[in-house]
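Asker: Convert by adding 33 to the 1-based position in the sequence shown; the result is the number in the numbering used here.
It is possible that part of the hints are untrue.
Derived pair list, reagent style BS3-like, types lysine-lysine, alpha-carbon separation capped at 25 Å [unchecked claim]:
#1 Lys74 - Lys40
#2 Lys81 - Lys40
#3 Lys81 - Lys51
#4 Lys44 - Lys81
#5 Lys51 - Lys70
#6 Lys42 - Lys81
I should point out that these hints are in silico values taken from the structure, not numbers from a laboratory. Keep in mind it's a predicted model, so treat the numbers as computed, not measured.
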Amino acid sequence: MIIKKRKSKFKIIWSMRKWSYDYINWRLVTAYPGGMKYAIKHPIELIKDLWNYLSWCQKVDQDIS
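The task is simple: from the sequences and hints, build the whole structure.
Answerer: Below, the structure is given as C-alpha cells:
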C-alpha cells in the first residue's frame, strides 16, 4: 500500500525563503503589469494568487510523488 503525503502550504512557503530577490521580482513582473508596485497596491489579489499558487504546488508535488 502506497500512501501519498501532501506538503503543507507552510512547508512550501518555508522553502520559498531561499528564493533570491531578483527571482521574486521577476515572478512579480511576469505575473502583474506593474510588478512589485502593483502587488503592493493590490494585496488581496496578491494573497489570492499566492494561495492558488500554493495549491498548484501541492497538486504538482502530489502528482510527482
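Asker: Hint by hint, note whether the structure agrees.
Answerer: Outcome of the hint check:
{"no.": "1", "hint": "Lys74 - Lys40", "in the structure": "30 Å, violated"}
{"no.": "2", "hint": "Lys81 - Lys40", "in the structure": "19 Å, holds"}
{"no.": "3", "hint": "Lys81 - Lys51", "in the structure": "22 Å, holds"}
{"no.": "4", "hint": "Lys44 - Lys81", "in the structure": "18 Å, holds"}
{"no.": "5", "hint": "Lys51 - Lys70", "in the structure": "22 Å, holds"}
{"no.": "6", "hint": "Lys42 - Lys81", "in the structure": "13 Å, holds"}
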